[in-house]
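All chains should be built: construct the whole structure from the sequences, respecting the hints.
Chain order of the listed sequences is A and B.
Letter by letter, the first sequence follows residues 1 to 421 in our numbering.
Letter by letter, the second sequence follows residues 1001 to 1394 in our numbering.
Keep in mind that the hints were calculated from the coordinates and are not lab data.
Quick caveat, the model's predicted, so the values are computed rather than measured.
Where a beta carbon is used, it is the ideal one built from N, C-alpha and C, also for glycine.
It cannot be assumed that every hint is accurate.
In silico DSS-like links for lysine-lysine, alpha-carbon gap of 25 Å or less [to be verified]:
| id | chain 1 | residue 1 | chain 2 | residue 2 |
| --- | --- | --- | --- | --- |
| 1 | A | K285 | A | K69 |
| 2 | B | K1171 | B | K1041 |
| 3 | B | K1102 | B | K1034 |
| 4 | A | K78 | B | K1171 |
| 5 | B | K1370 | B | K1102 |
| 6 | A | K69 | A | K112 |
| 7 | B | K1357 | A | K112 |
| 8 | A | K16 | A | K78 |
| 9 | A | K70 | A | K285 |
| 10 | B | K1339 | B | K1370 |
| 11 | A | K78 | B | K1339 |
| 12 | B | K1357 | A | K78 |
So the derived list for chain A, only partly shown, Cβ under 8 Å to chain B, looks like this [said to hold, decoys possible]:
| id | residue |
| --- | --- |
| 13 | D87 |
| 14 | A109 |
| 15 | P111 |
| 16 | D145 |
| 17 | D239 |
| 18 | N330 |
Which stretches of chain A does chain B cover? Using the computed rule of at least three CB atoms under 8 Å from a CB of chain B, they are [unchecked claim]:
| id | stretch |
| --- | --- |
| 19 | 88 to 101 |
| 20 | 131 to 138 |
| 21 | 162 to 170 |
| 22 | 197 to 209 |
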Amino acid sequence: MASSYQYQGVGRDRQKDLLAQWYGRLENAPRTGTPVAYLFISGNIGELLRSFGFELLFPEVNALQCGVKKVAGDFILKAEDLGYSSDVCGYVKNDIGLATSGNRGPFGALPKPDLLVCTYSGCNTYIKWFEALAELYGARVFMLDVPYRRTGGEQRQEDVEYVVKQLEQLAQVCAEMTGRPYDPDRLSRSLEYSRQAEELWVKILHSAKHRPSPFDAFFEAVFFMAPIYVLRGLPECVDYYRAAWEEIEERRVHHLGPVSEERFRVVLEGPPPWPHFRNFWELFKRWGVCCVASTYSKVGGIWDFGLRHDPARPLESLAEYAINCYTNWNWELRRQMLERYVADYQADALVIHSVKSCRSFSMGQADVREYFTKERSLPTLFVESDLADPRYFGEAQIRNRIDAFFEALEHRRLTAPRAGA
Amino acid sequence: MKNSWEEARSWDELVERCTPLATDVTLPSVAAWKAANPQRKVVGCFPVYTPQELIAAAGALPVSLFGGRGQVEIDHADSRIQSFVCSIARSTLELGLAGQWKHVDGMVVPSICDVARNLLGVWQRNFPDRFTFYLHLPQNVSAVGVAYYRGELERLRQRLAELTGALASDKQLHDAIRLFNRNRALLGELYQRRALRPEQWPTAELYVFAGAGNVLPREDHNRLLEKALALGETRPRPKRDSVRVVVRGAFCEQPPLELLRVLEEAGCAVVDDDLQIGARFFLEPVAEDGDPLTALAEAYLQRTVLTPVNTPGQRSRNDGLLATVEATAAHGVIFASPKFCEPALYDSVLLKQALEKRGTPFTEFEYEEKMTVFESIRMQTETFVESILFFSEK
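Following this line, the structure appears as structure tokens:
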């Protein structure tokens, strides 16, 4: 971006700084005596854990960092040497490989867990993952059982109450481990920061409704969303989204965007292929494709339909949040969300990136393609690779599919007015 | 055809007559049950475990569905489920789309894995008018989990009433619990006899007796099992020089029957397995008095076998397997799991490590529904058996 703009690049630069500081705190945790809790992004109730003084570590984030930095392949092979199948989740294997190789990645050294909080929110693999880590580290596991959101109707109150009761159990465990009592005021203050960050993040997500969109809600969102997932509840997270929002606003005013000329607006379903992230993005960029909405950016929380953490209802709103993460929604809700995105963001097409590693995400995506192409007449592109394992990315094949798809879309666009005339 | 197993006079005849009950995925006996009184409802249950007592108490027939067992070509389902998903999910949808299960009025899918959970969503879109129920099996084993699961069972009871037209009473639930306790006791007896004298109770044959229970009303299945227990001792079989093995991994999608025969032909005497485990899920009888739903909830969360899909709580899955190996005096363990079954594949890594520490030999292979050639598994198993017979201290 040109240097004459005041805010361009801050979203990316400050994200890197914040994550580096956070990883620095993690590296120092054993020295500073800070207790460390491992947990997952989906349904992460980090504010509660931080209120007891825990520093948080997210193995999924480590896995994607290893993927982007192109070191995941070796860790995955290490785990396969230990007996893990080639057919199970690459994130898990990356983490096992990392943990059994000295626990040092591109982000520095990682501390051992004092507590493993399995926020089972839409992913059964989470349970298996932490069972393996519990065995490896001999650490205590707390199983937070988050029921699946299975109806399109109202949020079921019994599910919320069930999660709240478990959060009370977790608070008791944290109090026992840290010697600190549960402090609802401290938690509420943190949730107020969460709420503010969520407001700003939603504004950024909604900015993609503009034409041209100032923001790519998939390829850029995956960077912009990191602070709200790993540092939510902290004041620096709110500061980050204020700065990021300024960047997006400046782009909108000056008609800057992720692609020089926006030719196609698409909704993207599925996670990115981290080890080939740049290449994958380029394959779309060359067609002037902007992702105006994505589901991957909702794995750690769906806030764009109004849900917020609420300082006045701390545990209830944490429970509602955990239940309403993307892969914890059933297919009816997921399809409705995609339909809404297509309409609200005026998308030309749906792109599905189906990954083998995450069946929670991908099982059923082919049926979604069937639905959108046959019942909604929406052009839908379906490509397959993996989110962590570099071996599953067939660039030539994926390029062919993408090129053929957008060529056809362009052809349709050129011929459609004449056909209608 | 109707209840032809009742006329069987020998063990072999009983095996022959039960085999189609256990393996015909078009469920002809269920169609016959339904045809006899079309008002009655059939509720299909996806593996691994569904509290079928509730379905029976509501006057419906619970049917355990185990996918296509290699008998269906995946045609319609291919466009809806990707190729890296296990066979049972794909063939279950295929059987529905191909119209083979028109006599199945509803479907209960428990929260066993990501694939099962999402399969229900696909099923619901393709069959919007059919009864479906997603059953959340809690992962929190404390009293909080019991209370939540009791509520979940109450919701299932209410929903079933919408399907059948009548709410199952506590008395009907108690009767169903008694009936199912009897069923589990009979299955337990069959398994126990096999563990003591595996040559007398071949696994592939036991499998069809147990499997008949997937489609028969439990009253009928109990009589069948009583008959099998009586006939089993009437046919003396020679003692074989086999190694005693525990089989793990086949708790959901089932291996081809031929594969079980191959294991035995290769020199294994199966002394414990997790085949069709849902019917034998409880370690103790469910309480037959008090609140029936609380009894089922407590039984599920506190007194079940441990499979890769239910949470161990304070118990240890590794210790569970080691205890079984000990109790059955097994020489080794065979991990046989379906291709792409993540829960089984994750657990086997930890279980193998525990076995290694104990010095118990194991081998591992994967199967698929459509598998028809078993030579490499036969060879692998023979090598495994020989390694135990010739090199192990056992």
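Against the structure, the hints come out as follows:
Of the pairs offered as hints, the one joining K285/A and K69/A holds, with about 21 Å between alpha carbons and a cut-off of 25 Å not exceeded. Between the alpha carbons of K1171/B and K1041/B the distance comes to roughly 20 Å, so the proposed pair stays at or under 25 Å and holds. A threshold of 25 Å between alpha carbons decides the hint, and for K1102/B with K1034/B the separation of about 11 Å falls inside it, so the pair holds. Taken as a hint, the K78/A and K1171/B pair is broken in the structure, with Cα atoms around 56 Å apart against an allowance of 25 Å.
Distance hint between K1370/B and K1102/B is fulfilled; the C-alpha atoms sit about 23 Å from each other, no more than 25 Å. As the CA atoms of K69/A and K112/A are separated by approximately 22 Å, the hinted pair is consistent with the 25 Å bound. For the given pair, K1357/B sits about 24 Å from K112/A by alpha-carbon distance, which is consistent with the 25 Å threshold. The hinted pair formed by K16/A and K78/A fails the criterion: a straight-line CA distance of about 28 Å is larger than 25 Å.
For the proposed pair K70/A and K285/A, the alpha carbon gap of about 22 Å is at most 25 Å, so the pair holds. Taken as a hint, the K1339/B and K1370/B pair is honoured in the structure, with Cα atoms around 11 Å apart against an allowance of 25 Å. A threshold of 25 Å between alpha carbons decides the hint, and for K78/A with K1339/B the separation of about 21 Å falls inside it, so the pair holds. For the given pair, K1357/B sits about 21 Å from K78/A by alpha-carbon distance, which is consistent with the 25 Å threshold.
The criterion of a C-beta within 8 Å of any C-beta in chain B is met by D87/A, whose closest approach is roughly 5 Å, and the hint holds. A least Cβ separation of about 25 Å between A109/A and chain B goes past the 8 Å threshold, and the interface hint is therefore violated. A hinted interface residue such as P111/A counts as satisfied when its beta carbon comes closer than 8 Å to some beta carbon of chain B; here the least separation is about 23 Å, so the hint is violated. A distance limit of 8 Å between C-beta atoms decides the matter here; for D145/A the minimum to chain B is near 4 Å, and the interface restraint holds.
Interface hint at D239/A: violated, since its Cβ lies 37 Å from the closest Cβ of chain B, which is beyond the 8 Å cut-off. For the restraint placing N330/A at the interface with chain B, the shortest Cβ-Cβ distance is roughly 5 Å, inside the 8 Å limit, so the hint holds. Coverage of the stretch 88 to 101 of chain A by chain B holds. Counting CB-CB distances below 8 Å, 3 residues qualify, and the rule asks for three or more. Evaluation of the coverage hint for the stretch 131 to 138 of chain A: fulfilled, as 3 residues show C-beta separations to chain B shorter than 8 Å, against a requirement of three.
Coverage of the stretch 162 to 170 of chain A by chain B holds [criterion: at least 3 residues with CB-CB distance below 8 Å; count 4]. Closer than 8 Å: that is the beta-carbon criterion, and the stretch 197 to 209 of chain A has 0 residues meeting it against chain B, so the requirement of 3 is violated.
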